[in-house]
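Residue numbers (full-length UniProt numbering), protein chains in the order written: chain A, 1 to 115; chain B, 1 to 115.
Source of the hints: derived by calculation from the structure; they are not laboratory data.
Careful, some of the hints might be misleading.
Which copy? The list can't say, so a pair holds if one copy fits it or any two copies do.
[Unchecked claim] Derived lysine to aspartate or glutamate pairs resembling DMTMM-like cross-links, with alpha carbons at most 20 Å apart:
#, residue 1, residue 2
1, K79, D114
2, K34, D22
3, K57, E87
4, K79, E41
5, K57, E108
6, K79, D47
Letter by letter, the chains look like this.
Protein chains: 2
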Amino acid sequence: MKASEQAMTELRSIRDTIDNLDAVLVGVLAERFKATQRVGELKALNDLPAGDPEREKLQIERLRRLASEAQLDPEFAEKILNFIISEVIQRHERIAEEHRADEQRADEHRAEADA
Amino acid sequence: MKASEQAMTELRSIRDTIDNLDAVLVGVLAERFKATQRVGELKALNDLPAGDPEREKLQIERLRRLASEAQLDPEFAEKILNFIISEVIQRHERIAEEHRADEQRADEHRAEADA
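When you get a sec, could you build the whole thing from the sequences and use the hints?
Below is the structure:
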């Protein structure tokens, strides 16, 4: 059976909506990463660990609740958030490593200046 | 070194921002799933395949461009979209299966009525 012209028109319209929502997703994720980038810097500067299991647990519980309220599958919301959080933790670890490398270089520089 | 009070205040403020952005994410994902649910129904009713590689390729190219413009890592944006798309395709396949099961039951019902 060939797809009816009406169905294809509706399909195109819904795909436009999906494309608009994806543009919003990218914008929100970009803002979220700017925020977590700053969290990573604060953690590195204050020797706080990259991950925070207690905070992550609360985040996931809240998101599952928000997802249920929005009729979104909570399992899916949790999978997505876990994916984002694991990416963020990797970045925090990289920021902390870079911070340690910077400090080491600064120490070496000071040692040279004192020599 | 203990985290300074100022750093902890800033950390709490940024975490509030992250929580707000996550609530937006959940809302947008919920709307996106409503849209893809309808796409799944249209595809099942019109015997269209669950996935559409050409459309997915264009979606990913566009998202990588939007991500670059928003200073979001395009690799990460692509990973997230691939994750969402694979979840959507699984749902489309389930919708198509349910549609086929419904049709089969209707056929059986008609056969019984004719018997």
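Legend entry - Broken hints, by number: Structure breaks hints 1, 4, 5, 6.
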